[in-house]
Amino acid sequence: MMSRKNGKILYPGMPLHLIMDLDTLIEIELKKKLEKLIDGLSSTIVELHKKRLGLSGKSLSRDEYILLFKEIRESLERFAGRKIADEIYTDMLDLLNKEYAG
Amino acid sequence: MKMAGYEYLKTYVDGLDEKIERGIPKGHIVLVSGPTGSMKSTLTFYMAYRYLQNNKKGNVVYVSLEQSRESLLKQMVSLNMDIEKLPKGTEFNVFDWGLVRKMVKESGTYEKVDWIKAIETPIREYAKEKKIDILILDSLQALYAIAEMENPRNQLFFLFETMRELSSTTFIISETTYNSMKFGSYDVEGFLADGIIHLSMERVGRTLGRYISVIKMRGVKHSTDYYPLLVDERGFRIVSH
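From first to last, the protein sequence lines are chains A and B. Quick note: the first sequence, position 44, residue 51 per my numbering, numbers continuous. Quick note: the second sequence, position 9, residue 32 per my numbering, numbers continuous.
For the record, the hints were derived by calculation from the structure and aren't laboratory data. The structure presented is a predicted model; accordingly, all values stated were derived computationally and were not measured. Heads up, some of the hints might be wrong.
Said to hold, decoys possible - Quick list of the computed label-pair ranges, beta carbon to beta carbon:
# : chain 1 : residue 1 : chain 2 : residue 2 : range
1 : A       : G47       : B       : G228      : 51 to 61 Å
2 : B       : E107      : A       : K77       : 18 to 28 Å
3 : A       : D101      : B       : G112      : 35 to 45 Å
4 : B       : E41       : A       : E54       : 46 to 56 Å
5 : B       : D37       : A       : T31       : 51 to 61 Å
To be verified - Residues from chain B that keep clear of chain A, each with C-beta distances beyond 12 Å, as calculated:
#  : residue
6  : Y31
7  : R73
8  : K80
9  : L102
10 : N116
11 : K205
12 : M224
13 : G228
14 : G242
15 : V254
Stated by the list, open to error - Restricting the straight-line Cα-Cα distance to at most 20 Å, the calculated cross-link-like pairs of lysine to any residue (SDA-like) are:
#  : chain 1 : residue 1 : chain 2 : residue 2
16 : A       : K38       : B       : E129
17 : A       : K90       : B       : Q178
18 : B       : K151      : A       : E42
19 : A       : K40       : B       : A150
Glycine is no exception: its CB is placed at the ideal position from the N, C-alpha and C atoms.
The whole structure should be built from the sequences, with the hints applied where relevant.
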């Protein structure tokens, strides 16, 4: 069933980047995942990893996102172990692939 | 084990549980205090590890504020405690907040962080999803080093209350000096805790011996004697005669 939000037509299963831009969507999702582990420090940690990779302050390509997720996964593994790191990495890759496929 | 309204957590230190009736009442907050080298972290890890090994279910959360996860786990493997070998259905989570501290320092925002809240909130959120049977905070002094303790009595009260609300059995590791009978840094930790396990070290000639005493355990009759504490590949045990 279709609905409207802020003048945009929404329908179930609609790729979220058609509602908000992809960068915002990915960052929100990534920070949400990290918040469970490190609360309000998630933004700081995402920004730090972007800075380390020279990806700060720009829109990222799909490959750059994958690179960023890999870096964050490595830190998460050191922080909380492989299982949690892999879960978050896989979820983020799935989201990325879904949005690019859409 | 359940008796007179309490469920008990064994210490798995051979000989010690009999000295504290049936063990540590579940839900208690217990300070494990002692000087460097007295095996505070190892003993606490051991109690949690053996709990999961024997129970075959349950969840442990170990919050390390200084020692890295990798180094802590390597150290425990060398003592026959490999969390990868615990039964399925158990979870032993070790969170390396020392790493987060380093990353936040690198980002240049270290001073702006409310560290107590930053560490406390994820534990609370985690506990909403999964019951934490045993929570370990290692250590109080590391927390004092990073958090601004403007009103320690008040801040510690709320920190302990937050942990109490989780209904987990909580072990808080507290670093003290040699030959000290102070169990924390602010004289209030021992009062707020339900129990105090004190590890001490004493030099006799060329040997530095380890000793353990249960100084306090609310709701439990216990001896306050100090017992020699031994550790080998079978685990911890006391010498009580």
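Hint-by-hint comparison with the structure:
{"no.": "1", "hint": "A:G47 / B:G228: 51 to 61 Å", "in the structure": "holds, 53 Å"}
{"no.": "2", "hint": "B:E107 / A:K77: 18 to 28 Å", "in the structure": "holds, 23 Å"}
{"no.": "3", "hint": "A:D101 / B:G112: 35 to 45 Å", "in the structure": "violated, 26 Å"}
{"no.": "4", "hint": "B:E41 / A:E54: 46 to 56 Å", "in the structure": "holds, 54 Å"}
{"no.": "5", "hint": "B:D37 / A:T31: 51 to 61 Å", "in the structure": "holds, 58 Å"}
{"no.": "6", "hint": "Y31", "in the structure": "holds, 29 Å"}
{"no.": "7", "hint": "R73", "in the structure": "holds, 20 Å"}
{"no.": "8", "hint": "K80", "in the structure": "holds, 17 Å"}
{"no.": "9", "hint": "L102", "in the structure": "holds, 19 Å"}
{"no.": "10", "hint": "N116", "in the structure": "violated, 7 Å"}
{"no.": "11", "hint": "K205", "in the structure": "holds, 32 Å"}
{"no.": "12", "hint": "M224", "in the structure": "holds, 32 Å"}
{"no.": "13", "hint": "G228", "in the structure": "holds, 42 Å"}
{"no.": "14", "hint": "G242", "in the structure": "holds, 33 Å"}
{"no.": "15", "hint": "V254", "in the structure": "holds, 26 Å"}
{"no.": "16", "hint": "A:K38 / B:E129", "in the structure": "holds, 19 Å"}
{"no.": "17", "hint": "A:K90 / B:Q178", "in the structure": "violated, 33 Å"}
{"no.": "18", "hint": "B:K151 / A:E42", "in the structure": "holds, 14 Å"}
{"no.": "19", "hint": "A:K40 / B:A150", "in the structure": "holds, 16 Å"}
Hints 3, 10, 17, counting from the list given before, are not met by this structure.
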